[in-house]
Amino acid sequence: MSSEVVVVRIYIHEAEQGRRTNLQQEILALLHDRQRVKGVTVFRGVAGFGASGTVHAADLLRLVADLPIVIEFYDEPEVAQAAMKLLDGLVPDGHIVWWRANCRTIADGQPQA
Amino acid sequence: MSSEVVVVRIYIHEAEQGRRTNLQQEILALLHDRQRVKGVTVFRGVAGFGASGTVHAADLLRLVADLPIVIEFYDEPEVAQAAMKLLDGLVPDGHIVWWRANCRTIADGQPQA
Amino acid sequence: MSSEVVVVRIYIHEAEQGRRTNLQQEILALLHDRQRVKGVTVFRGVAGFGASGTVHAADLLRLVADLPIVIEFYDEPEVAQAAMKLLDGLVPDGHIVWWRANCRTIADGQPQA
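Residue numbers (our numbering), protein chains in the order written: chain S, 3 to 115; chain V, 3 to 115; chain B, 3 to 115.
One should not assume that every hint holds.
It does not matter which identical chain is meant; a pair holds if it fits inside one copy or across any two.
[Claimed, not checked] With a straight-line Cα cutoff of 20 Å, these simulated EDC-like cross-link-like pairs (lysine to aspartate or glutamate) come out:
(1) Lys87 - Glu16
(2) Lys87 - Asp68
(3) Lys40 - Glu16
(4) Lys40 - Glu6
(5) Lys40 - Glu18
(6) Lys87 - Asp35
(7) Lys40 - Asp95
(8) Lys40 - Asp68
No lab work stands behind these hints: they were computed from the structure.
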C-alpha cells in the first residue's frame, strides 16, 4: 500500500539571486523543464533566520520583505536524487535536506512494497 | 524522552473537489470527526505544479487562485495508519506521504521509549 | 554528498503565551541567542485543530486569528538535540516532532559521510 519516495526540501529566500535571475524561479524551471518531479510546492515562511543571523519578519506593512521560501517535492528515490544533482551549484551548500518516506498507494490487486 | 509517531502530509489543491463538496473540507471533517488525530495543520503554498505540469502562482491580484494545500498531522503509528485508511478513495492516489518520526516528551520519572 | 541532520518541527499557535511573553518569540529568541541553529523558518498555517478540537481558520476578515504556527529548523544531530533540550518546559509536551534526514553538500574532494 506504500511505495518508497524521497522528500526534498530546499531552503532559500524570496529575493535570493540565482545564476541569471531569481533563484526560486530558476529552481522551479529546472524541476519543471529538465527533471520533471511530482508534487512541487512552494511555501513562504512568515519569519526566520539563517546562518547570518538576520531575522526576517512578515507584517502587513512589509509585504515585499525577503521572507524564507521552502521548495518541497517528493518522487521515487532515483528521480529525486537526479533532481538534487541538477541543483548542485545553484542552491547554496547545505540548503537542501532530504529523507526517505512512504507514498501511500491504493493496492489494486497487486499490493505494492 | 521521545515516543514514535508517524508524520503524514496530504498534497491537494484549494479548489479540488471531494465526493460531495470541497476536498480539503472533507479531509478535515474525516480527521476531526471520524478519526481524531493530534495536531492537524493546513498550509497554503504560494506556488507549485503537479503531475499536470500547470504552474500555480499566488500574487496580490489573484487571491482566489487554486493554490497548493498541504494537510499535515502526526500521531501514534496505529492512529495515523487508521486515519490514512479512512482517506483511501477520497485523496487521489500518490498524494499522501508519511514517515516515522519522534515526538519529544518530557520524562516524568517514567522515561518513554 | 550528504551529512546527517535532524529536522525539528515545533507546533504551536500564534497567540500562545510562553513564560513572559509570546511563545513564538520566546522560542525564536532561545534558538537565536542561546543555541544558534541553522535554517530556522516559521510557517503560518491557514487552518488547523489541536487536541482541544477547536478549528482555526484564516479568512480575509480575520487576519488576526489565532492560527497554527510551525517553527522548523535542522542542524547536526547534537546541536538539534541540545536545542530541543532548551525548549523542554517551554513548549507544551508532545508538540515537538523530529526525525533524521540528510543535508546535501557538494563534495569538494573530501566526500562527506
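Legend entry - Identical-chain pair category, Lys40 with Asp68, by Cα at 20 Å: between (27 Å within a copy, 17 Å between copies)
Legend entry - Alpha-carbon proximity context of Lys40 and Glu18, limit 20 Å: This pair counts as between: shortest inter-copy Cα distance 17 Å, intra-copy 24 Å.
Inset, instruction - If the cutoff is 20 Å on CA atoms, where do Lys40 and Glu16 land: within, between, both or neither? Let me know, please. - result: between (22 Å within a copy, 18 Å between copies)
Inset, instruction - Could you figure out if Lys40 and Asp95 sit no more than 20 Å apart (CA to CA) within one copy, between two copies, both or neither? - result: Between copies only: 12 Å across, 24 Å inside.
Inset, instruction - Using 20 Å as the alpha carbon limit, work out where Lys87 and Asp68 are close: within a copy, between copies, both or neither. - result: neither (26 Å within a copy, 30 Å between copies)
Legend entry - Status of Glu16 relative to Lys87 across identical chains (alpha carbons, at most 20 Å): neither (22 Å within a copy, 31 Å between copies)
Legend entry - Up to 20 Å CA-CA - Asp35 versus Lys87, copy category: within (15 Å within a copy, 34 Å between copies)
Legend entry - 20 Å Cα threshold - placement of Glu6 relative to Lys40: within (14 Å within a copy, 25 Å between copies)
Hint check: violations occur at hints 1, 2; the rest are consistent with the structure.
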